[in-house]
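What follows is each chain in one-letter form.
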Amino acid sequence: MKYLDEFSDPDLARSLLRQIHAATTRPWALMEVCGGQTHSIIRHGIDQLLPDGVEMIHGPGCPVCVTPLSVIDKALAIAARPGVIFCSFGDMLRVPGSGRDLFEVRSAGADVRVVYSPLDALGIARDNPDRQVVFFGIGFETTAPANALTVHQARRLGIRNFSLLVSHVLVPPAISAIMESPRCRVQGFLAAGHVCSVMGTSEYPSLSEKYGVPIVVTGFEPLDVLEGIRQAITQLEQGRHETRNAYPRAVPETGNPVARQMLADVFEVTDRAWRGIGTIPGSGWRLTDRYREFDAEHRFDVSGVRAAESALCRSGEVLQGLIKPHECAAFGRVCTPRQPLGATMVSSEGACAAYYAYRRVAG
Amino acid sequence: MKYLDEFSDPDLARSLLRQIHAATTRPWALMEVCGGQTHSIIRHGIDQLLPDGVEMIHGPGCPVCVTPLSVIDKALAIAARPGVIFCSFGDMLRVPGSGRDLFEVRSAGADVRVVYSPLDALGIARDNPDRQVVFFGIGFETTAPANALTVHQARRLGIRNFSLLVSHVLVPPAISAIMESPRCRVQGFLAAGHVCSVMGTSEYPSLSEKYGVPIVVTGFEPLDVLEGIRQAITQLEQGRHETRNAYPRAVPETGNPVARQMLADVFEVTDRAWRGIGTIPGSGWRLTDRYREFDAEHRFDVSGVRAAESALCRSGEVLQGLIKPHECAAFGRVCTPRQPLGATMVSSEGACAAYYAYRRVAG
Amino acid sequence: MIDFEGWTCPAPLRDTPHVVAGHGGGGAMSADLVRHLIVPGYGDAGGTAERDCAVVEAGGARLAFTTDAYVVQPMFFPGGSIGDLAVNGTVNDLAMAGATPLFLSAAFILEEGTPLADLGRITAAMGAAATAAGVRLVTGDTKVVGHGSGDGVYLTTSGVGVVADGVEIEPRRAAAGDAVLISGDLGRHGVAVLSRREGLEFATTVASDTAPLHGLVAAMLATGADLHVLRDPTRGGLAAALNEIAATARVGVELTERDLPVPDGVADACHLLGLDPLQVANEGRLVAFVRPDQADDVLAAMRAHPYGTGARRIGTCVAGHPGMVVARTALGGTRVISMPIGEQLPRIC
Amino acid sequence: MIDFEGWTCPAPLRDTPHVVAGHGGGGAMSADLVRHLIVPGYGDAGGTAERDCAVVEAGGARLAFTTDAYVVQPMFFPGGSIGDLAVNGTVNDLAMAGATPLFLSAAFILEEGTPLADLGRITAAMGAAATAAGVRLVTGDTKVVGHGSGDGVYLTTSGVGVVADGVEIEPRRAAAGDAVLISGDLGRHGVAVLSRREGLEFATTVASDTAPLHGLVAAMLATGADLHVLRDPTRGGLAAALNEIAATARVGVELTERDLPVPDGVADACHLLGLDPLQVANEGRLVAFVRPDQADDVLAAMRAHPYGTGARRIGTCVAGHPGMVVARTALGGTRVISMPIGEQLPRIC
Amino acid sequence: MCLAVPGRVVRVTVVDGTPMAEVDFGGVRKDVCLHYVPDAAPGEYLIVHVGFAIQRLDEESARRTLDEFTRLGLLEEEFGEVP
Amino acid sequence: MCLAVPGRVVRVTVVDGTPMAEVDFGGVRKDVCLHYVPDAAPGEYLIVHVGFAIQRLDEESARRTLDEFTRLGLLEEEFGEVP
Ligand code: SF4
Ligand code: SF4
Ligand SMILES: [Mg+2]
Ligand SMILES: [Mg+2]
Ligand SMILES: [Mg+2]
Ligand SMILES: [Mg+2]
Ligand SMILES: [Mg+2]
Ligand SMILES: [Mg+2]
Ligand SMILES: [Mg+2]
Ligand SMILES: [Mg+2]
Ligand SMILES: [Mg+2]
Ligand SMILES: [Mg+2]
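Protein chains in written order, with UniProt numbering: chain A, 1 to 363; chain B, 1 to 363; chain C, 1 to 349; chain D, 1 to 349; chain E, 1 to 83; chain F, 1 to 83.
It is worth saying that the hints were derived from the structure and are not from the lab. Beta carbons are placed, not taken as given, at the ideal position from N, Cα and C, and that holds for glycine. Hints are not guaranteed to be accurate.
What the hints assert, rightly or not - Straight-line distance between alpha carbons at most 20 Å, and here's what the computed EDC-like set of lysine to aspartate or glutamate pairs gives:
| id | chain 1 | residue 1 | chain 2 | residue 2 |
| --- | --- | --- | --- | --- |
| 1 | B | 2 | C | 276 |
| 2 | A | 2 | F | 24 |
| 3 | A | 2 | F | 58 |
| 4 | B | 324 | B | 52 |
Said to hold, decoys possible - Taking beta-carbon pairs under 8 Å as the criterion, some of the chain A residues facing chain C (in silico):
| id | residue |
| --- | --- |
| 5 | 106 |
| 6 | 107 |
| 7 | 108 |
| 8 | 109 |
So that you can see chain A by itself, here it is in the shape it has in the complex:
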């Protein structure tokens, strides 16, 4: 695909790698915030090609992984109700709640459907006027415009049997929370390019400043990731800590003003729990009062749902790079990709899952 293949060119990648090696004089710990970048790093083996001592810490930027247990449990409770069609992005179906996952709820008879887009869920609502259609509106700032427009359309078109179970999370507060952690080892960030395609880059310079870390906005192809690493290490080696945009083809400084305006109309900032990490103040979006009637938590009383996170799971520490997955006593024993206890074992790019896959590689 054009603009993907070019930014995967192995020769240019090797050239960038050589420059990273040339620039690196000591160990550095960088975090790619975004799960998509984690995926790219593992998929292409980039971490294995970095200079010894340059460590990539996988951040909490997988929307599937960080959706709090309590919200998953609410999703399971709503999906199990008779008459409900519960729609979700595919990768949410295998995420375990306290007891089971959406696959199991579906296997017990619930009508759970995988859709490509929230607009597909709205179409299902229109086609099934006698059913309640709920879309599981998770995601970071990238996905929020899609969910926002969908609920906006539902209101505009009067599709009242549609609602959104919202669990949006925001990147900048997460970066703050990571940096505020007493044992934080992160020295520089790769910021998530597609989040910035929507939001722009203006939120990051103050974070670079406050915490003294370079933040490089970058993309997802190997060259993008490598260039992000190169720029971050170059800054670190030079003692700088600035916000830089290494993904200008997709990220204008102002992001997408139309989308930001819609977001401001549909969503408002709220505290949000992150799975395995805990509550981060002001780190999420919920529907504004104007859209309250389309809020699935409001429409279906799920206030009684209580989540019990596994006492064994140390994914919060893993996410912050404080421990390695195999230092968790549950790892590979009671916690596996098939029976995950924590967020980081759920998704294939989660740190624990990645370690699990590599566990047998002759080192």
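Chain A is fixed; fit chains B, C, D, E and F with the ligands onto it per the hints.
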């Protein structure tokens, strides 16, 4: 089974047959009104063992066969509605309406269920409060008490998602209609024992009197049928025309007073169309006003349903013994048990179906 | 009896644009579907695909090969489960060709939400039945379908067996004069399953007759008799089995009703529901067409086998009324035992 | 790389008391279900029942025997239908044992309400595929299930073929040093089906690769090479096929990512939906493990066959990291190609 | 019309205010509504149609009918067989 | 997070008052909501996430970035390879 096996004894049957032969001096045409007796006659080959010239004309006493096309079409229309559970006795499922049958409606997604008893349908209504449960309440006087009590219970227990699609028919008006037919060949009747178990025998003497025909109330086992034939022929040979009860073990003269009282409360007399015959005045029951809200025709507006009976079908004449099935041009060509046009081809004991089965027997 | 000049066979499948339940009843609608839609679709690659069990030659061996899909509801019933049914049914289809069954395959279609414990009970029943029948389950497949796109466990077994030289057991070999034998009483399986069917539940002591019959067939062959036809009267019961044989061989069959072994519990359940016991399924019975001079030997061999203790002669194959099965009633009349159309329905009339 | 002392295999099937979709995905959950529930249920009658295709001896012949259930939705997709899929799939399972496929059976489970015209199209596709593959559809069965207890047509085909003496093609024969070959490009079937899947519809020119592969196998055998393993990478794709072989033979596999032939249309669709093309199903491809000194001959023979024109070497079987498949990335790193767990899900992340 | 069969009352109960009975039909047992034969007692035979007892079976009358058939048969033997 | 891919606009339409586009992703085509990039024209490249265009792809910028990578590679060659 006790009281079935004893009344099927072959030795006693042959003895009764010999007495029939002994008593018969000329041809007689008898009608067994009841489809159950038709079934028994064919099942045991009784018609083949009667004296030459004694002809059994199969009457319109199969509730499945005579249910009018318009009611079947209403049943199909109601069953096809979303949210409806349509319950029926098994043998109604294959009866064709103008276009299709309940099997085909079910194959298109309707929830059509076979039940043993109308009470089972009421149980389904109780178990599915969010669905409309409709029972196809067909039958003669024998079945009417069951349907009556079921709708009575629904009212008493407040099960408001239950309704009855009623098409009850009555034997005495049918006997009158047959005898009033200008070309009528029937000289004596076997009356339906189980109808009389409910209604008693008091309606028949006036018919015997008015039309000058013997009427013998009898049962369904070979000895019962043979005894009915024997008594009818004996009367005919002697020039008598009386109503006699040859089934006293199941038929008290007053029938079942408790049942008759319930019937009077739940049902009222109405004109009723008989499939292939036409409308017979006062030959049916419908729900009284007290039970109107449990009337499926009332609950589901099916007034627009119009039935188109096949122009080819001559089942009315067949039923009255005026023509033989193979004299119908459609017989065996466009009308077969698998693709029946008329009532008498629908049920395995219908006259046309019976002829179809025998068509290949070396005469 | 009746003049039937101008008789025409009704156009098959006419006016039925969709699959309906009756297409699976093992009667005339099932047969039409296979004959007029499935086999024509196969074209030159089919040809013999109508057969319940094919006898083919491969690598110099004479093989029997068969398949059957099992969708029985409920999956567990008095006397058995879908698991032993699927093993015994396929073993029996091989046995009806005179084959020694050797290897079975099993393909599962599982509905989401099916308790794994149920699947475990089924596979254990399959293992036990296979061990009892002396066959091995050598290959398989498993698929999962969504909730509401299945019903618990559907199970398709296929089987391979070896047919000895000289054994030619086929429906078309039914010949006028043949004795018609049955290996035991009728209707137990169908009544057992019906008694647990949702909406019809009744209490009964009748249990399914499910059993592997290849040992019985071996005992019959060991008499040296030239068995013409063997058939397991499953879906559609004895009525369907005999009508199929009569139609295939263009012979008539005459039964003596008094000799048809219908156990009391089956007769009673059929009375109650208005069913014909001759149309009720059996899963551990066979019907045999045997030369009349060999019938007594074969009957004796059957009766000496555990699965043939109730064997008896029930009728005769005749040249008259080809394609038609007729029973002489206890009263001395005759009635036509016709091919069931679709599936059996409880009657009120 | 990581210390994994104290590692324990997770208890199979733990905490999953019901069948879920993943049990049918052809990945680890499917394998667990077979290994830890179905086969143990069979007891002594099973044993080799894990096999996709069994090689057995019957009547002096060496036979291959296999079965597969097809529940694909939609039933018609670019490049084929459930009908040709069911014929080719079973032909291929036989071919992967080095057998010459001869006879097929077909058992239908039809949902009430399925248009007979659809069934007709399916049987015609089966006939055409069987004719093309030179096999005969010799026996079958048809069942009907209620509306909402099925989904159109489910079709189980079983197949019997003959294996020549000396041919020993089995997963456990994979040996360190073997060249790993693929017969053509990857992922066409899965993408074609996904493109018509309700809720995911997209326009694409990618069509299913469904094809019978026994002719290709015959051409490979005709080189005289000692083929160690053949496998059709169907459900779970190349990832599942190689992981299964690696696990069975206790060998490692090393792929060179650059050599994996993923056509543009497949790569693009996978990018869009976040799928891994190595986990996407193929229905007309085989992967072969061949002695390194014979690899060139075999590759040449493959390329000369119409279904092998895109054949190429994609990797090597190694003694290191037994049970594990690793790919060298274009950048020079490595990544683990792990066994898919359940079925593939479109990702947003 | 109206398939109705004789069965023997095994046990009587009341469900939702309605008298019910377990009825034995030669081994097969079904629950039957007794609303129309409310005083039926265990051991008695009932005529049952679609789950309802519609009438009591008069055993004495049944015996008399059968006796009558037998008597007619004996009489007939005296007068010789008919064709 | 946030799998988003570049695609080329083939055709634009309006559905229910919302601008939509058929977008080509190297052969694969999907309908995409243009609400957030309403002035996108056929031939332009968009960044698409879960059925929505979230941003225009700046082709000029992409070319410049690639040129820069190439230039850095050439520079590096001048200075010799790193380990
Ligand atoms: S291995 Fe499992 S339990 Fe341990 S930290 Fe990772 S996700 Fe949590
Ligand atoms: S053969 Fe068919 S069309 Fe003719 S009278 Fe009988 S039912 Fe009607
Ligand atoms: Mg078979
Ligand atoms: Mg058979
Ligand atoms: Mg069979
Ligand atoms: Mg398989
Ligand atoms: Mg179900
Ligand atoms: Mg297979
Ligand atoms: Mg295979
Ligand atoms: Mg296969
Ligand atoms: Mg069969
Ligand atoms: Mg369906």
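Consistency of the hints with the structure:
| no. | hint | in the structure |
| --- | --- | --- |
| 1 | 2(B) x 276(C) | 19 Å, holds |
| 2 | 2(A) x 24(F) | 10 Å, holds |
| 3 | 2(A) x 58(F) | 13 Å, holds |
| 4 | 324(B) x 52(B) | 17 Å, holds |
| 5 | 106 | 6 Å, holds |
| 6 | 107 | 4 Å, holds |
| 7 | 108 | 5 Å, holds |
| 8 | 109 | 5 Å, holds |
The structure fails none of the hints (numbered hints given earlier).
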